[in-house]
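*Asks:* Please take these sequences and the hints and turn them into a complete structure.
Heads up: the sequence shown runs through residues 3 to 133, numbered per this note's numbering.
Rather than coming from a laboratory, the hints here were simulated on the basis of the structure. Here a beta-carbon is modelled for each residue, glycine too, at the ideal position from N, C-alpha and C.
Quick list of in silico lysine-lysine cross-link-like pairs, DSS-like style, CA-CA up to 30 Å:
{"id": "1", "residue 1": "Lys80", "residue 2": "Lys43"}
{"id": "2", "residue 1": "Lys116", "residue 2": "Lys43"}
{"id": "3", "residue 1": "Lys48", "residue 2": "Lys125"}
{"id": "4", "residue 1": "Lys133", "residue 2": "Lys81"}
{"id": "5", "residue 1": "Lys64", "residue 2": "Lys80"}
{"id": "6", "residue 1": "Lys48", "residue 2": "Lys80"}
Quick list of the computed label-pair ranges, beta carbon to beta carbon:
{"id": "7", "residue 1": "Leu122", "residue 2": "Asp52", "range": "26 to 34 Å"}
{"id": "8", "residue 1": "Pro66", "residue 2": "Lys125", "range": "13 to 21 Å"}
{"id": "9", "residue 1": "Ile41", "residue 2": "Thr112", "range": "20 to 28 Å"}
{"id": "10", "residue 1": "Asp52", "residue 2": "Gly120", "range": "29 to 37 Å"}
{"id": "11", "residue 1": "Ile127", "residue 2": "Phe36", "range": "19 to 27 Å"}
{"id": "12", "residue 1": "Ile41", "residue 2": "Gly82", "range": "29 to 37 Å"}
{"id": "13", "residue 1": "Val53", "residue 2": "Tyr96", "range": "33 to 41 Å"}
{"id": "14", "residue 1": "Gly70", "residue 2": "Val131", "range": "36 to 44 Å"}
{"id": "15", "residue 1": "Cys118", "residue 2": "Val53", "range": "33 to 41 Å"}
{"id": "16", "residue 1": "Val53", "residue 2": "Gly120", "range": "30 to 38 Å"}
{"id": "17", "residue 1": "Thr126", "residue 2": "Gln73", "range": "18 to 26 Å"}
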Amino acid sequence: MKKTTIVVFVMFAALFIFSGGKLISQTIHICDTFPADGIPKGENTKFNYDVYTDNFVYILVKFPQAYGCNQIAFRREKKGEPGPEMFEDIDPSYTWFCYEMHMPQAGDYTLSVKDCNGVLIGKTIVTMVSK
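*Replies:* Rendered as structure tokens:
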């Protein structure tokens, strides 16, 4: 039992050291309304698509502490149609950031967010349903 405890402790210590000394957990929320205060509003994974209006979802990324980078990347991919990464400049002191993502047509999309080092922060599937 003591040997197992030591092995587990060493593994967590190594993880802590190789993660730059901080274990960070970011969360992403997909909303239908811009959350001006950083609190998710209208969070969902299924949204109405209307051919006569602009169709946006808002990707809210929450950080447990100051972000620490000056750029963040967003990607929208529809099955069979890989999309480009869109880079946004960001203040490293931010504890949350919201990106307005245009959804060009109905269907299933994979939305992903990466930090300035190309590390995946979060990924989710969103469905745009025709009205």
